[in-house]
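Protein chains: 2
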Amino acid sequence: MLWTKTFIPTLKEIPQEAETVSHQLLLRAGLVRMLMAGVYSYLPLGLRALNHIEKIIRREMDSCLAAEVLLPAWQPLELWQKSGRDKDLAEIMVRFTDRRGRKVCLGPTHEEVITDLVKNHVASYKQLPLALYQIQTKFRDEIRPRFGLIRGCEFIMKDAYSFDRDEAGLDKSYREMHEAYLRIFKSCGLEILVTEADPGVMGGSFSHEFMAPAKDGEDVVLSCPGCGQAKAYQAPGAEMEACPRCGAKMERLNCIEVGHIFKLGTKYSKALGADFLDEKGKLQPMIMGCYGIGVSRLIAAVIEQNHDAAGIIWPQEVAPYQVIVLALDSGDEKIRDLADNFYRELAAGGIAALFDDRDERPGVKFKDADLVGIPLQAIIGKKALQDQVVEIKVRRGNKLIVKPKEEALREIRGILNG
Amino acid sequence: MLWTKTFIPTLKEIPQEAETVSHQLLLRAGLVRMLMAGVYSYLPLGLRALNHIEKIIRREMDSCLAAEVLLPAWQPLELWQKSGRDKDLAEIMVRFTDRRGRKVCLGPTHEEVITDLVKNHVASYKQLPLALYQIQTKFRDEIRPRFGLIRGCEFIMKDAYSFDRDEAGLDKSYREMHEAYLRIFKSCGLEILVTEADPGVMGGSFSHEFMAPAKDGEDVVLSCPGCGQAKAYQAPGAEMEACPRCGAKMERLNCIEVGHIFKLGTKYSKALGADFLDEKGKLQPMIMGCYGIGVSRLIAAVIEQNHDAAGIIWPQEVAPYQVIVLALDSGDEKIRDLADNFYRELAAGGIAALFDDRDERPGVKFKDADLVGIPLQAIIGKKALQDQVVEIKVRRGNKLIVKPKEEALREIRGILNG
Numbered sequence: 118m119l120w121t122k123t124f125i126p127t128l129k130e131i132p133q134e135a136e137t138v139s140h141q142l143l144l145r146a147g148l149v150r151m152l153m154a155g156v157y158s159y160l161p162l163g164l165r166a167l168n169h170i171e172k173i174i175r176r177e178m179d180s181c182l183a184a185e186v187l188l189p190a191w192q193p194l195e196l197w198q199k200s201g202r203d204k205d206l207a208e209i210m211v212r213f214t215d216r217r218g219r220k221v222c223l224g225p226t227h228e229e230v231i232t233d234l235v236k237n238h239v240a241s242y243k244q245l246p247l248a249l250y251q252i253q254t255k256f257r258d259e260i261r262p263r264f265g266l267i268r269g270c271e272f273i274m275k276d277a278y279s280f281d282r283d284e285a286g287l288d289k290s291y292r293e294m295h296e297a298y299l300r301i302f303k304s305c306g307l308e309i310l311v312t313e314a315d316p317g318v319m320g321g322s323f324s325h326e327f328m329a330p331a332k333d334g335e336d337v338v339l340s341c342p343g344c345g346q347a348k349a350y351q352a353p354g355a356e357m358e359a360c361p362r363c364g365a366k367m368e369r370l371n372c373i374e375v376g377h378i379f380k381l382g383t384k385y386s387k388a389l390g391a392d393f394l395d396e397k398g399k400l401q402p403m404i405m406g407c408y409g410i411g412v413s414r415l416i417a418a419v420i421e422q423n424h425d426a427a428g429i430i431w432p433q434e435v436a437p438y439q440v441i442v443l444a445l446d447s448g449d450e451k452i453r454d455l456a457d458n459f460y461r462e463l464a465a466g467g468i469a470a471l472f473d474d475r476d477e478r479p480g481v482k483f484k485d486a487d488l489v490g491i492p493l494q495a496i497i498g499k500k501a502l503q504d505q506v507v508e509i510k511v512r513r514g515n516k517l518i519v520k521p522k523e524e525a526l527r528e529i530r531g532i533l534n535g
Numbered sequence: 118m119l120w121t122k123t124f125i126p127t128l129k130e131i132p133q134e135a136e137t138v139s140h141q142l143l144l145r146a147g148l149v150r151m152l153m154a155g156v157y158s159y160l161p162l163g164l165r166a167l168n169h170i171e172k173i174i175r176r177e178m179d180s181c182l183a184a185e186v187l188l189p190a191w192q193p194l195e196l197w198q199k200s201g202r203d204k205d206l207a208e209i210m211v212r213f214t215d216r217r218g219r220k221v222c223l224g225p226t227h228e229e230v231i232t233d234l235v236k237n238h239v240a241s242y243k244q245l246p247l248a249l250y251q252i253q254t255k256f257r258d259e260i261r262p263r264f265g266l267i268r269g270c271e272f273i274m275k276d277a278y279s280f281d282r283d284e285a286g287l288d289k290s291y292r293e294m295h296e297a298y299l300r301i302f303k304s305c306g307l308e309i310l311v312t313e314a315d316p317g318v319m320g321g322s323f324s325h326e327f328m329a330p331a332k333d334g335e336d337v338v339l340s341c342p343g344c345g346q347a348k349a350y351q352a353p354g355a356e357m358e359a360c361p362r363c364g365a366k367m368e369r370l371n372c373i374e375v376g377h378i379f380k381l382g383t384k385y386s387k388a389l390g391a392d393f394l395d396e397k398g399k400l401q402p403m404i405m406g407c408y409g410i411g412v413s414r415l416i417a418a419v420i421e422q423n424h425d426a427a428g429i430i431w432p433q434e435v436a437p438y439q440v441i442v443l444a445l446d447s448g449d450e451k452i453r454d455l456a457d458n459f460y461r462e463l464a465a466g467g468i469a470a471l472f473d474d475r476d477e478r479p480g481v482k483f484k485d486a487d488l489v490g491i492p493l494q495a496i497i498g499k500k501a502l503q504d505q506v507v508e509i510k511v512r513r514g515n516k517l518i519v520k521p522k523e524e525a526l527r528e529i530r531g532i533l534n535g
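Protein chains in written order, with the numbering used here: chain A, 118 to 535; chain B, 118 to 535.
Hint data in this document are derived by calculation from the structure and do not stem from the laboratory.
Be careful, since some hints might not be right.
The list treats identical chains as one, so a pair stands whether inside a single copy or across any two.
Okay, derived cross-link-like pairs now, DSBU-like style, lysine-lysine, Cα gap no bigger than 35 angstroms in a straight line [as the list claims (entries may be wrong)]:
| hint | residue 1 | residue 2 |
| --- | --- | --- |
| 1 | K199 | K522 |
| 2 | K510 | K520 |
| 3 | K122 | K172 |
| 4 | K122 | K387 |
| 5 | K387 | K129 |
| 6 | K204 | K499 |
| 7 | K289 | K348 |
| 8 | K500 | K289 |
| 9 | K122 | K303 |
| 10 | K220 | K303 |
| 11 | K172 | K303 |
| 12 | K122 | K236 |
| 13 | K199 | K220 |
| 14 | K520 | K332 |
| 15 | K397 | K348 |
| 16 | K399 | K172 |
| 17 | K129 | K243 |
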């Protein structure tokens, strides 16, 4: 794609409203724009990164044999009255009465809707286990939205739900999801701590949080450098503690919660009547698990862990594009043609490339390329024209490789294939 | 994917609440389920069809050099007060005051938000033309939601917006989009009538509607069999007329509006101050166009035009899967293995296949396969085992082809490649 057609409004200055590094870079690299506090528009580069994260998640959900669904945001309040969560989530739940007089809420989450759906169509043990997931927008009336994409009123989550016959089935589903989560975060280029956590208003017996250490996070994790034990705190005031397992002094880390998985048990199936007939013809409540990932806040976590003073350094699988082609003097027709040809060569070779075709000075292009953080920069200027070479800059580490024009594509492919 | 893991709750009976063929088949084939009137959950097969439609749209938007963005549903009411459309759309717009005391509405459409976004980042003629698009959920408080996915409270639309320097630029953008639309609907397997239409509350000077003839549609189009002239009416009471161009008697067709494109001119750019500096340094309002497609209702239109008495006949590009493998006696281990191997062979060959691995009678599997309408059925039963053949049924026309097992994959690939 051409830069001039892509709408990438980069900013030289750090925007005043942005306190955290990820929030600053999200705005400066032209990935998102605030419409109002807690509500963001995703611009083309930000949306591409988001789509790539979703692609990773879908691949791993497939590997768990979970099937994707898309559930409504517009939900009948009565469904929430059945589980009692209309009260638990009263503050953050947007409610209104529609023109037909129906009491409606905007889904802050989807356990009630999915349980109701499965209840109506699964009747026998033969149809279990079943796992469904959704990647979609949720709405929460946050009184204090903050940190850009970390806590907002409108955000994107992945939620998977497992339905099993018994506890052993739930254990298996939970373990598979846990493993899939580790693969997802690894593919996103994230270092993760896993902590046992309080299920809170979700209910159930057991839960794990997936925490991405970050300079600016909402959560504090005390982690033991000795035995790996980790414990999460919501409030940032948590004190240093001794490790309950080995007694060593625990390390304090500011974190972003990127995933949370729950053994829900029968909380929702009992409340909403999601039963099945077992092998003996006896009615039993389904045993449920629920597995969430904060998809939009993952972008922020990835940036927190992958940047330097000049800008973002995208992990390859999340990067909006793999290569950015810089035409250093786009006023010079020969250089422009050379860059344009190389860009087309990349595209024809199936490599997602962005072509900075703007009529801007080289300094502006270099700065913006570092800021938006595409993994490889293919630099084409006077030198390329004279010596028939392409300079390839690897954004992570800022290493420069010079290759004859005809070898450059192969070199790029080699680097991208690791 | 395995049928038993996919959640495809097919129905034998026609659901009472469904008046139209597409609504009946959407429910019977397990594509969607109603949560409340006007609000639907997309189940795995329905979501896959939806994703394939979105893929077609993205390809054609790319060809127009339009860049994708994702805009908020949660919008400040004050933005709508600037264009005056808070009044025009008062009835269908969901409004609430959030916990911070902000007046918020749920976006019934996005002209105000996109104009505000572009206004803040485009200042010069050098940055124009620009085209952006979004595929996302919109909310309308419909008093009379109906026909399943045709008119709902929560639905998915594609909207593209073009920003040009002058009328000649808008003409070019409009023409390119018009042509892209014809390609999109063709890829979706739809026959389309294009009519000149009233821009209505969207404003602007000029608009075209893209109408899919269907037995059960909301709109009436009078079409001239002689010269091709077509005219659309919202109310179903339109009388037969003589063609204004050639005088012939016009034909009356029940239609679904699947696309609508508008020359908006300066309505939104003037209201929201989206100006640019022209070549002479003079401030000018941007000239806008807007190009909508009803993405979720497209599924209904595709089904209206592509079905028979037994069920859906998916056009290949929209189909949830390309091939369904039927293991006719899945209790017989040898048949089950043969079917399973063939399913794996398809998957390894990059062909999207669904494996009906249920413990059900052949009659149930045949009926369901016809109902869900996957283009090709690969039937594996006793005959396949005895004669080492695969029976391939082409859903469109219900033609049966018998091929030796080792030739079946090539035959399928041949049919799919047309």
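query = How would you label the pair K204, K499 (within, between, both, or neither) given a Cα cut-off of 35 angstroms?
reply = So K204 and K499 fail the 35 angstroms test inside a copy (67 angstroms) and across (58 angstroms) alike.
key: Within, between, both or neither, where K199 and K220 count as close if Cα-Cα is 35 angstroms or less   = Both: 14 angstroms inside a copy, 30 angstroms across copies.
message = Reference check for the pair K172 and K303, CA-CA at most 35 angstroms: within, between, both, or neither?
response = both (14 angstroms within a copy, 27 angstroms between copies)
key: Up to 35 angstroms CA-CA - K243 versus K129, copy category   = between (60 angstroms within a copy, 20 angstroms between copies)
request  = At 35 angstroms max between alpha carbons, let me know whether K122 reaches K236 within a copy, between copies, both or neither.
outcome  = between (48 angstroms within a copy, 16 angstroms between copies)
query = 35 angstroms Cα cut-off: does K122 pair with K303 within a copy, between copies, both or neither?
reply = Close inside one copy (32 angstroms) and across copies (26 angstroms); limit 35 angstroms.
task = Could you figure out if K289 and K348 sit no more than 35 angstroms apart (CA to CA) within one copy, between two copies, both or neither?
result = within (24 angstroms within a copy, 60 angstroms between copies)
ask   = Within a copy, between copies, both or neither: where do K122 and K387 come within 35 angstroms Cα-Cα?
value = Between copies only: 23 angstroms across chains, 53 angstroms inside a chain, cut-off 35 angstroms.
query = From the Cα coordinates, with 35 angstroms as the cut-off, is the pair K510 and K520 best called within, between, both, or neither?
reply = within (11 angstroms within a copy, 54 angstroms between copies)
message = I want to check one pair: K199 and K522. Are their C-alpha atoms no more than 35 angstroms apart within a copy, between two copies, both, or neither?
response = neither (67 angstroms within a copy, 53 angstroms between copies)
inquiry  = One pair to classify: K397 and K348, alpha carbons no more than 35 angstroms apart. Within, between, both, or neither?
reply    = neither (42 angstroms within a copy, 63 angstroms between copies)
inquiry  = With identical chains, the pair K220 and K303 could be close in the same copy or across copies; at 35 angstroms between alpha carbons, which is it: within, between, both, or neither?
reply    = neither (42 angstroms within a copy, 41 angstroms between copies)
Hint compliance for this structure: hints 1, 6, 8, 10, 14, 15 and 16 are not met, and every other hint is.
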